[in-house]
Every structure is written in structure tokens, then in C-alpha cells.
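Asks: Sequence:
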Amino acid sequence: MELPTMQSNHCQMRVQSAVNSVEGVKVIDIQPGKAELQFETDEQKIAALSAIDKSGYPIRSIVTETLDAANGNTMQFKTNINCNGCLTKVTPFMEGANGIDDWNVDLLSTDRLLTVQTNGATEKEIEQLVQQAGFNAERIHA
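Numbering (the working numbering), first residue to last: 1 to 142.
The set of hints was computed from the structure by calculation and includes no laboratory data. Heads up, some of the hints might be wrong.
Claimed, not checked - The calculated DSS-like cross-link candidates involving lysine-lysine, where the alpha carbons are at most 25 Å apart (straight line), are:
#1 Lys78 with Lys89
#2 Lys45 with Lys26
#3 Lys45 with Lys89
#4 Lys54 with Lys34
#5 Lys26 with Lys54
#6 Lys78 with Lys54
#7 Lys124 with Lys78
#8 Lys34 with Lys45
#9 Lys54 with Lys89
Stated by the list, open to error - Pair ranges (Cβ atoms, derived):
#10 Asp111 with Gln38: 27 to 33 Å
#11 Asn119 with Asp42: 16 to 22 Å
#12 Gln7 with Ser109: 14 to 20 Å
#13 Asn9 with Lys124: 15 to 21 Å
#14 Ile140 with Met13: 32 to 38 Å
#15 Gly99 with Ile140: 27 to 33 Å
Every residue gets a Cβ at the ideal spot worked out from N, C-alpha and C, and that includes glycine.
The whole structure should be built from the sequences, with the hints applied where relevant.
Replies: Structure (C-alpha cells):
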């Protein structure tokens, strides 16, 4: 899997630690910008991807597909959140919100895709949270 923001040894150690927190997942190889992992179950794969994402390293393309398959309550939004500074501004709004289980922004995509796993939050509520942080979010419907 591609991890474009994981470049230094420190970054690689953080990803290694995140993966090690998930029982049954084996690290085959970690290099700048990519990691190769072995999973026994889909649940382990989802848990490992989520742990990597939460450690601050968005996984290009594979995260969204995996989370969509695992959770029917996943929404995507086109945003103007385009850097780590922007993420810092949005984080308190998203982390403190009821009905949001997990979220991430793919800073490498041209649409700066915000993917949100919900547990009751509505499209309108998510758009309002992003707007309160000073950014725009427009739902993408598949």
C-alpha cells in the first residue's frame, strides 16, 4: 500500500507501532512511501488501515475502498482542506462531534476527499462541522 507521507525513519516507526497494535497483522516490509502487510482476516485489515490512518499517515486509495466495504455508513465529501495546517483546524470539530466514528482527508487527491464513517451523523451535520472550521465540504454521491 502507498503511504506517500511516510518518508523518514521516525514515520516508519510510527506506522510499525500502529500496525503492531493490531493482533494478527504481520509487517512484511516498510520503506519510505509504502508498506507491505499480511492479514489473516478482513477485520484485521480494516483495523490495521484504521490504526495507520489514525497515526497520521493517510493511505492512498485503499482506505476508502476498504472502509466503504466494511461500513455502509461511509460518506465522502469534496473539500478545500489542503494541508496539515487545515487538518489541525478541522480536527477539533470532527473529533468532538457525536455520530462520527472515524474520518480522514486525502490531501493527495485533487478533490481533497474527506471520508467520514458515521454512526448517526447526517450529511448536513458533517458539512456544517467543516464550515464551522472555516472550510467547504460538498457530498459526493456514488
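Asks: Take the hints in turn and mark each one as holding or not.
Replies: Going through the hints against the structure:
1. Lys78 with Lys89: With Cα atoms ~17 Å apart, lysine 78 and lysine 89 stay inside 25 Å; holds.
2. Lys45 with Lys26: Status holds; Cα separation ~10 Å.
3. Lys45 with Lys89: With a Cα-Cα distance of about 29 Å, the restraint between lysine 45 and lysine 89 is violated, given a limit of 25 Å.
4. Lys54 with Lys34: Holds, because 16 Å separates the two Cα atoms, which is no more than 25 Å.
5. Lys26 with Lys54: holds, 18 Å
6. Lys78 with Lys54: Satisfied, since the Cα-Cα distance of roughly 20 Å is no more than 25 Å.
7. Lys124 with Lys78: holds, 14 Å
8. Lys34 with Lys45: holds, 16 Å
9. Lys54 with Lys89: holds, 16 Å
10. Asp111 with Gln38: 27 to 33 Å: For glutamine 38 against aspartate 111, whose Cβ atoms are near 31 Å apart, the range 27 to 33 Å holds.
11. Asn119 with Asp42: 16 to 22 Å: holds, 20 Å
12. Gln7 with Ser109: 14 to 20 Å: Hint holds: Cβ distance 19 Å, inside 14 to 20 Å.
13. Asn9 with Lys124: 15 to 21 Å: Cβ of asparagine 9 to Cβ of lysine 124: about 43 Å, so the range 15 to 21 Å is violated.
14. Ile140 with Met13: 32 to 38 Å: holds, 34 Å
15. Gly99 with Ile140: 27 to 33 Å: 19 Å Cβ-Cβ, so the 27 to 33 Å window is violated.
Hint violations for this structure: numbers 3, 13, 15, all remaining hints satisfied.
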